[in-house]
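Trainee: Residues per chain, in single letters:
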Amino acid sequence: MFMRKVAIVGVGMSKFGEDWKRGFRDLILEAGRRAIEDAKLSGAEIDGMYCGTMAPGRLIGQEHAGALLADWMGLNPMPSTRVEAACASGGVALRSGFLAVASGHHDCVVVGGVEKMTDVPGADVVSALGGAGDQEWELFPGATFPGIYALMARRHMLEYGTTEEQLAAVAVKNHENGSHNKYAQFQSPITIDTVMKSKVVASPLKVFDCSPVTDGAAALVLMPLDKAKQHSDKPIEIVASAQASDTLALHDRKSLTSVWATEVAAKKAYEMAKVKPKDISVAEVHDCFTIAEILAIEDLGFFKKGEGGKATAEGRTALNADISINTSGGLKACGHPVGATGVKQAVEVTWQLRGEANGRQVKEAEVGLTHNVGGSGATAVVHIMKRAY
Amino acid sequence: MAENIAITWRRIPERYRLAGTQCTTCKTKFFPPRKFCTACRRKGKIESFSFSGKGKIYSFSGVHSAPAGLELEIPYVLAIVHLAEGPKVTAQIVDCTEDAVKIDAPVEFVFRKIRSDDPEGLIHYGYKFRLVK
Ligand SMILES: CC(C)(COP(=O)(O)OP(=O)(O)OC[C@H]1O[C@@H](n2cnc3c(N)ncnc32)[C@H](O)[C@@H]1OP(=O)(O)O)[C@@H](O)C(=O)NCCC(=O)NCCS
Ligand SMILES: [Zn+2]
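Chains E and P supply the protein sequences, listed in that same order.
Sequential numbering of the first sequence, starting at 0, is according to numbering that gives the first Met the number 0.
Sequential numbering of the second sequence, starting at 0, is according to numbering that gives the first Met the number 0.
The following block holds chain P by itself, in its conformation from the complex:
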């Protein structure tokens, strides 16, 4: 689905540099950033936290049937990455084929084009991950 420019603009810190949050009460790190700690609830204190971009593959799949807007990308590798600091994130694994991807393989953040709405429309950028040699 084409994404409204205001959403894209609002999400720039998170998408461009993995800017997240943490709860200083219970030390839980959040990515995507939450502004309300689900464990401490009103006792939680949220501040910003930057993730290193290092992590490991938790699970993955080679996607061959695309949603609208990603038709030109298939096949691509979709994964849940377990970030070194704790949370897990859904992202694409790039610069490799599916056969090279293994559960627990170390990965790192890369800044990439995610999708474009149409030839005249907005180009959306954000995080993807690649295998660390």
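Here chain E stands alone, though its shape is the one from the complex:
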């Protein structure tokens, strides 16, 4: 199979948060501009764009986001494609951009991710996000996304003895990391008590076990590695890109305590990159709920099945511990503008590998991983990145 090596040469993101002043177009324009400036490009070199966004039709009444973005970024007539895979839209957009450059078809691709979530009332956001699951057989009977992850949490607690305090430890660690990230939605540290005393959303999950509702965008510029040196002193090579699918509805899965699509995508990615889980020093994993981070660090092979909660409570996933997980603050503290998340993860890992993660730098970060999940695990995307300088 002919494949060119692909590198990230520019990254950018908007400040994540509840942003009433700015709309969908403002957010993605800001992230896109920052990434293009970071890559020292004029814009004329760009020959393709992929943008992940999950639900603009329901959140702002706008579809056809690909064309909209090319138009507002002044990039017509360049081909521009919207990618949708629920909360994994950003990760799948990155994979689309990677494949476009690797195949030799495109030489300079912008990968964006954006979601504008706070223009509609909370109950409508909950319903729109529900579209990531099975509308007829999960959402109609009364499931919500926090509810679906709560069903996974309850099984993990039964099968492996995971406790609510261990779940809370994920949120505490991610808020601590977020407090060193000026782009994060939440920048104040919390305690186990903050989580345990917060309002129940879907038992056993409480408000502080959940990622928030967020406005935000992120962007990357991809080029073939052999041209990357002209645009970046510190190109970051994407050494693996893998994706897998599973049943849309949680109730059809073989197990509720591991995400099979993550296991499959991770195995492929490790093979493609020729690395092992222990070689990864920094990872951005999909912690839409605290239980999701525990499942992720187990399914990605960082910890044995059932030991993710204990490992987190022992501090083994904190900044510069055994493995630094979610240095950006993760979805929990940095925020989760769904379509932007998968791209933001790659932005953070790029900063880490370049040594530019001020205040939260992982020491000697050589190899990084991003893990983005759609719905309750019907899509999983894993990317592995390495320093190429």
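It cannot be assumed that every hint is accurate.
[Claimed, not checked] Straight-line alpha carbon distances no greater than 30 Å define the calculated DSS-like cross-link-like pairs of lysine-lysine that follow: (1) 101(P) to 253(E); (2) 253(E) to 26(P); (3) 267(E) to 385(E); (4) 198(E) to 55(P); (5) 101(P) to 198(E); (6) 44(P) to 28(P); (7) 198(E) to 267(E); (8) 55(P) to 303(E); (9) 101(P) to 303(E).
Quick caveat, the hints were computed from the structure, so don't treat them as lab data.
What you are looking at is a predicted structure, and each value in this text was computed from that prediction instead of being measured.
Based on the hints, put chain P with the ligands in the right spot on chain E.
Mentor: Coordinates of chain P with the ligands only, in the frame set by chain E:
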């Protein structure tokens, strides 16, 4: 989200009486009904199959933050029920509080109102489950 009347009408057999399907090639039972066996693929033969409505709680959660249309229902118990014949289904557990629900507890089908779109709109009915004493 308000549901179109055609979807509601199309789903009446499944929602009102747990009408499912089975693949006679591999004997797998499907609820919600599938018209294509995912194991046998084109070698599968699908026919209808009625579920008894008996099952056990596989996992559950007390939902306190509602989606649009279910604001008046909270708190309610959401569960995955393992049907006696094999498949699992997502549904609400009714006629009890969350404290009474345990994993593996036996449950049975009940026909209930699921939601109404708005005061003037359609009322949707379907399956929920209750604990068996
Ligand atoms: C958890 C959740 C229900 C809270 O919503 P809510 O109760 O309506 O909260 P509000 O927006 O009214 O905010 C109330 C306060 O809690 C804070 N808050 C909201 N969500 C929070 C969260 N997840 N973590 C920490 N604090 C949160 C707000 O900042 C606000 O603080 P303030 O009063 O100091 O301004 C909501 O964030 C949610 O649905 N999250 C899940 C999103 C999701 O499903 N994503 C997709 C995953 S697949
Ligand atoms: Zn079959």
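Trainee: For the pair supplied as a hint, residue 44(P) and residue 28(P), is the alpha-carbon distance within the 30 Å limit?
Mentor: At roughly 12 Å apart (the allowed maximum being 30 Å), residue 28(P) and residue 44(P) satisfy the hint.
Trainee: For the pair supplied as a hint, residue 101(P) and residue 303(E), is the alpha-carbon distance within the 30 Å limit?
Mentor: holds, 27 Å
Trainee: Given the hint that residue 253(E) pairs with residue 26(P), does the C-alpha gap stay at or below 30 Å?
Mentor: Satisfied, since the Cα-Cα distance of roughly 17 Å is no more than 30 Å.
Trainee: Regarding the pair residue 101(P) and residue 253(E), is the alpha-carbon distance no greater than 30 Å?
Mentor: holds, 21 Å
Trainee: Hey, residue 198(E) versus residue 267(E), does the alpha-carbon distance stay inside 30 Å?
Mentor: Between residue 198(E) and residue 267(E) the Cα gap is close to 39 Å, so the pair fails against 30 Å, i.e. violated.
Trainee: Mind checking the alpha carbons of residue 101(P) and residue 198(E) for me, to see if they're no more than 30 Å apart?
Mentor: Cα-Cα ~22 Å, so holds.
Trainee: With a cut-off of 30 Å on the C-alpha distance, tell me whether residue 198(E) and residue 55(P) pass.
Mentor: Within the cut-off at roughly 29 Å; holds.
Trainee: Can the restraint linking residue 267(E) and residue 385(E) be considered satisfied, given a maximum Cα separation of 30 Å?
Mentor: holds, 17 Å
Trainee: Residue 55(P) and residue 303(E) were given as a pair; does the straight-line alpha-carbon distance stay at or below 30 Å?
Mentor: Cα-Cα ~29 Å, so holds.
In this structure, the one hint that does not hold is number 7.
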